[in-house]
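Asker: Use these hints to put chain B onto chain A, whose structure you have.
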Amino acid sequence: MLRAQQGEEEAYAELLVLLTAATRSYVRSRVGRLVPWIDDAVQETLVAVHHARHTFDDRRPFAPWFYAIARNRFVDVLRREQRVRQHESPGSVWPELASATDDRTSRVDMDAVQQALASLPPRQREIVEAIKLRDESVRDIAARLDMTMTSVKVTAHRGYRTLRRLLGVDLREE
Amino acid sequence: MKSERPDLPLTIARLVRSATPVTPLARPSVRLARWAITSTALALVSVAILGVRSDVAAQMMNGWFVARATATLAIVVAAAIVAFVLSVPGAERSRLVRALPLAACLVWAVLLVGTIAANGSPLEVLLQVTPHPSCVLLIVATALLPGATLVRMLRDAAPLQAAWTAGFAGLASLAVGALGAQFVCSNDAAAHHLLWHFAPVVLLTVASIAVSPSLGRPHRQGPYST
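Each protein sequence line maps, in turn, to chains A and B. If you're matching positions, the first sequence starts at 133 in our numbering and goes up one per residue. If you're matching positions, the second sequence starts at 1375 in our numbering and goes up one per residue.
Same shape as in the complex, but just chain A:
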């Protein structure tokens, strides 16, 4: 870390690789299983370490400093994931809209879906199409549209909600 503070790229790269493993292990120990958002937590921890690297004091041990950051980012990511799950599980909504084989949604006409999509506000439509039709990741969309990942998720959620309302589909949120 000291060499990283001095701007030594090689040392910093080694440190970040080590911290990636440490963060993964930490998240696993906290949730007790493998979760799909583990890389989000790792990524956020690494960025937070990067922004806070000037606060590390070499007279103090590294572990409490690092794990304070890791714990903070873990709690934030966990809360965000829980919030997203509570409000919407967008991935569980669209397939039900699009799948003609599903009993509950077989009534949904894909032309109607296209019409409903067209009636969405431009940004909502862009994000919903990007996620569901072009298979772009939220991260890429956020970068392309100059938005935060959270904003992209929220906008997508609003789009899905509007679609359900327009299509009159009674979908159970999971």
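Please keep in mind that the hints were generated in silico from the structure rather than gathered at the bench. There may be inaccurate statements among the hints.
Some chain B residues close to chain A (C-beta under 8 Å, calculated; not the full set) [unchecked claim]: (1) Val1396; (2) Thr1397; (3) Ala1532; (4) Leu1534; (5) Ala1537.
Note that beta-carbon positions come from the ideal geometry of N, C-alpha and C, so glycine has one too.
Answerer: Coordinates of chain B only, in the frame set by chain A:
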């Protein structure tokens, strides 16, 4: 929703590329000393501008005045220490340290309430207190610059618990304001101090937590930011 797949190697590469040398942050005690010197100077200037009470020399020998000043000074020091400690990840060895400024606040409150109670029915005494909003303005005016300095210094670090840090920063700054106000306001009645000095400090401290999101954003923005 499709699971995001953050490209960790790419992120690491970006972070490494933007890893310019950084100057390690000074220890919390050093930063506290710097803030104490700066805020004392700023508070003295504010008090001088607002007008020092005429009997200040005599009051320095008055036990009641000194007791109140000591209580508010204890809050300033305790709250600032905790705020600086909280601004460094992992520096807080026990959450119990957060009780120190609150205990100092309690001492101030007990000092005032005890004095009121000793002089008759507290409720009657409090009802007779005339409004002095100018004291609130005095406290805020004196606290403003030390508070802004403190927030800037905390943002230079990396506070992880923004609400707590902002709360203690607010308390430290407002206690500086209350200490300064004591040298301007010539009303020494305990009831006046309870309603127009102590209560505003507590209420404004709670309000200062509202600025906590600004503490969470790193002030030193590196070339790589999310």
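Asker: Run every hint past the structure and note whether it holds.
Answerer: Do the hints match the structure? See the list:
1. Val1396: Check passed: Cβ of valine 1396/B comes within 4 Å of chain A, closer than 8 Å.
2. Thr1397: 6 Å, holds
3. Ala1532: OK, holds: alanine 1532/B within 8 Å of chain A, min 4 Å.
4. Leu1534: At about 4 Å, which falls below the 8 Å cut-off, the nearest Cβ of chain A leaves the hint on leucine 1534/B intact, so it holds.
5. Ala1537: 12 Å, violated
Hint compliance for this structure: hint 5 alone is broken.
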